[in-house]
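In the order they appear, the protein sequences are chains A and B. First residue of the first sequence: 1, per our numbering; consecutive thereafter. First residue of the second sequence: 457, per our numbering; consecutive thereafter.
Since the hints were made in silico from the structure, they are not lab data. Note that the coordinates shown come from a computational prediction; the quantities given were computed from them, not determined experimentally. Glycine is no exception: its CB is placed at the ideal position from the N, C-alpha and C atoms. Check each hint, because a few of them may be wrong.
A few chain B residues that don't get close to chain A, going by computed Cβ distances all over 10 Å [as the list claims (entries may be wrong)]:
#: 1; residue: Gly469
#: 2; residue: Arg531
#: 3; residue: Ile546
#: 4; residue: Glu568
#: 5; residue: Pro573
#: 6; residue: Val594
#: 7; residue: Asp635
#: 8; residue: Asn645
#: 9; residue: Pro650
#: 10; residue: Ser683
In silico DSSO-like cross-links for lysine-lysine, where the CA-CA straight-line distance does not exceed 27 Å [said to hold, decoys possible]:
#: 11; chain 1: A; residue 1: Lys451; chain 2: B; residue 2: Lys564
#: 12; chain 1: B; residue 1: Lys515; chain 2: B; residue 2: Lys585
#: 13; chain 1: B; residue 1: Lys515; chain 2: A; residue 2: Lys397
#: 14; chain 1: B; residue 1: Lys564; chain 2: A; residue 2: Lys397
#: 15; chain 1: B; residue 1: Lys585; chain 2: B; residue 2: Lys621
#: 16; chain 1: B; residue 1: Lys621; chain 2: B; residue 2: Lys686
#: 17; chain 1: A; residue 1: Lys456; chain 2: B; residue 2: Lys564
#: 18; chain 1: B; residue 1: Lys646; chain 2: B; residue 2: Lys686
#: 19; chain 1: A; residue 1: Lys397; chain 2: B; residue 2: Lys621
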Amino acid sequence: MTAVAEREPRTDPAVARLIADYETFVASTNGRMPAWVRELRDRGIQRFAEAGFPSTKEEWWRFTSVEPIARGRFVEPTKQTTPADLSDALRDVEAAGGRGAHVAVFHNGRFVRDRSSLDGLPKGVVIGGLLEALESHPDMVRQYLGQVADIESNPFTALNTAFFRDGAFVHVARNVVVEQPIQLVFVSSGNGEPWVAHPRNLVVFEEGAQASLIEQYAGSGGSYWTNVVSELVLGENAVVDAYRLQQEREDAFHMAASYSRQDRSSVYTSVLFAFGSRLSRHDIRATLDGEGAECTLNGLSVLRGEQHVDHHTTLEHAKPHCPSWEVFNGIYDDRARGVFTGRIIVDPGAQRTDSKQTNNNLLLTEDARADSQPQLEIYADDVKCTHGATLGPIDDKAMFYLQSRGLDREDARALLTYGFGAEILNSVSVESLRAHLDALLQARLEEGSRKRTAAK
Amino acid sequence: MLDISNLHASVEGTEILHGINLQVGSGEVHAIMGPNGSGKSTLAQVIAGHPAYDVTAGKVLFDGQDVLEMEPEERAQRGIFMAFQYPVEIRGITNAYFLRSAVNAVRKARGEPEYDPIDFLDVLDEKLKAIGWDDSMVNRAVNEGFSGGEKKRNEVLQMAVLEPKLAILDETDSGLDIDALKTVADAVNKLRSPERSIVVVTHYQRLLNYIIPDKVHVLADGRMVRSGGKELALELEEKGYDWLRSRKAVAT
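Looking at chain A on its own, in the form it has when it is part of the complex (with noise of 0.2 Å):
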């Protein structure tokens, strides 16, 4: 009889490495860090550790291989030097937010305050950096963060967790108005070698505060991989329309997590866009934690080339009474290729509940790939949910409804595709936004269309 010998477990030598680069962080910071920091960061870098990077064998992540960043060598700079050219990277994206936006800017993933706009911030907001804000407002600080992402069901957001140095830190109190669109504008910027930023945001509006947050992604230069993790809470009644522009280069990585808590009665309306990024995943974790909370969960997706971009969703129901709706639409154009979960979970309990999801894909090639998975889990008797799924090109009978209208194949298909697309940005209600999308996504198309004529 041979004894089996006790295996090792094989540690992979990329989260090895990551491991190790931990280490070297957290002796770096010669013990300034206060201790629940400390703890909060050591819980992910374990949990990190256990689950290492997901592989293509997991449920959840079947059709986004994350091969490139796990073997990519990727370096968090360790000096940063603002460049003086983020004027210039900015203006385009800054535009966004309109006259009058406060806006916070972040380079590679920290705070430059001397970058951003916000003089004259109404009282009781706090709009700022998180680092500062550990030493600013601690309590408000330690009160959530890490209380609503979850590091358990993604190792992305446990590696975030273990490495963030900065990001966004966002406090509206209670009843506060905020007139003017919050912008937290996230640049990425480099020449050297292949960098990663971990940014990590906390958005807190306090019971019956209302805003409209703009949260956008963008990169200038370099090869370079975002890893963000955001919390958003919203206390009761409070009112919240939340944009994320995701606009990264189209040869980075973005691994994004968002995680929000509604109180009773709030009403949050989340809308996604992503145009950018070579391979991007995005998480979305939206939960009704109080009677009565509303959710709109929409999301557009406009890709080209090989991009590939996966929005993986969850929508909590975990109290009686709260409807969510759920719409994303995918244009996909040469070898681009989305993937769209949409995972409903209604909790025992959480009766009346009323959830509606739809997923449109509009596929542009025949190379063009797009999967859709809804999972609906339901733990309650009395409620309502439904999901649907479009998958395809241009349908032939819209082509003939329009050309029957006198517009010829080109204009009607440009019409279609643009559709696709009009019918997410119909949910964005600040104007400036709305028209920098609009702009945006009419821009794409046009791209897109002048590149198939010229091919012909």
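Place chain B on chain A using the hints.
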């Protein structure tokens, strides 16, 4: 205006129309009636240029020109309009945007200047007034979430805005309650003019109480079996389509 001779058309190799002849003069209103499956809708779709149908023989002349070789959009640009039996939903596009795109496509083809969004609102306003409708459908996505009646009304709205020389209404009355039917018929009547021909394709005589046709044709099994004045519709209502079928059997 419209001159159809010996039109044969098939879908997926099965012939549906077996030699249709039909002449519609300028300003005339013709009704084409017939039982389900008689080929009424096929005829409408062939005139509009639906790609699913193959025309194997015959001619469709519009203003003296054969339209059968034209793309559907060219037919539309020349003034042919078909109100769809089953209008299509277009996500994300409002009626106002859609109508402007259509009107501009037609104007562009005719070498006329295109409307900008602001000017077009006035145009739209004027057209709505002409048929006595409000603007409640204008800013909704095309046919999305519309009731059956709203969809049919929307087709007539498009007709009003596009001002065709020939309008073919394919079962625009089906699925309408009497109030909606009157609303639609009233608008169509307001759009009658000496320069505009209208072909009403219908299964029921009911609509013809409100849109009085100059001529009535009966289509059965892909052939025109009878043509006459408006009284033919009443006769059909009374005796049913079987009456014509049996007459035909006796005649042959």
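Going through the hints against the structure:
1. Under the 10 Å C-beta cut-off, the non-interface status given to Gly469/B relative to chain A holds; the minimum distance is some 19 Å.
2. With a minimum CB-CB distance of about 8 Å to chain A, Arg531/B fails to clear the 10 Å threshold, and the non-interface call is violated.
3. With a least beta-carbon separation of about 6 Å from chain A, Ile546/B fails to lie farther than 10 Å from that chain, contradicting its non-interface assignment.
4. At the 10 Å boundary, the C-beta of Glu568/B stays outside the reach of chain A, the nearest C-beta of that chain being 12 Å off.
5. No beta-carbon of chain A is positioned within 10 Å of the beta-carbon of Pro573/B; the least distance is around 13 Å.
6. The claim that Val594/B is not at the interface with chain A holds, since no C-beta of that chain comes within 10 Å of its own (minimum 15 Å).
7. Distance to chain A confirms Asp635/B as a non-interface residue, since its nearest Cβ pair spans about 26 Å, more than 10 Å.
8. With a cut of 10 Å on Cβ distances, Asn645/B stays outside the contact zone with chain A, its closest approach being about 22 Å.
9. Chain A leaves Pro650/B outside its interface by the beta-carbon criterion, the shortest separation being 23 Å against a cut-off of 10 Å.
10. No beta-carbon of chain A is positioned within 10 Å of the beta-carbon of Ser683/B; the least distance is around 27 Å.
11. Restraint check: the Cα-Cα separation between Lys451/A and Lys564/B comes to about 23 Å, which is no more than 27 Å; the hinted pair holds.
12. Between Lys515/B and Lys585/B the alpha-carbon distance is near 38 Å, which puts this suggested pair outside the 27 Å criterion.
13. At roughly 25 Å between alpha-carbon atoms, Lys515/B and Lys397/A fall within 27 Å of each other, so this suggested pair holds.
14. For the hint pairing Lys564/B with Lys397/A, the CA-to-CA distance comes to about 24 Å; that is within 27 Å, so the pair holds.
15. Between Lys585/B and Lys621/B the CA atoms are separated by roughly 20 Å; this keeps the pair inside 27 Å, and the hint holds.
16. At most 27 Å may separate the alpha-carbon atoms for a hinted pair to count; Lys621/B and Lys686/B meet this at roughly 22 Å.
17. The suggested pairing of Lys456/A with Lys564/B holds, with an alpha-carbon distance near 23 Å, which does not exceed 27 Å.
18. With a C-alpha separation of about 19 Å, the suggested pair Lys646/B and Lys686/B falls inside the 27 Å cut-off, and the hint holds.
19. Taking the CA atoms of Lys397/A and Lys621/B, the gap is near 24 Å; set against the 27 Å cutoff, the hint holds.
In summary, the numbered hints that this structure violates are 2, 3, 12.
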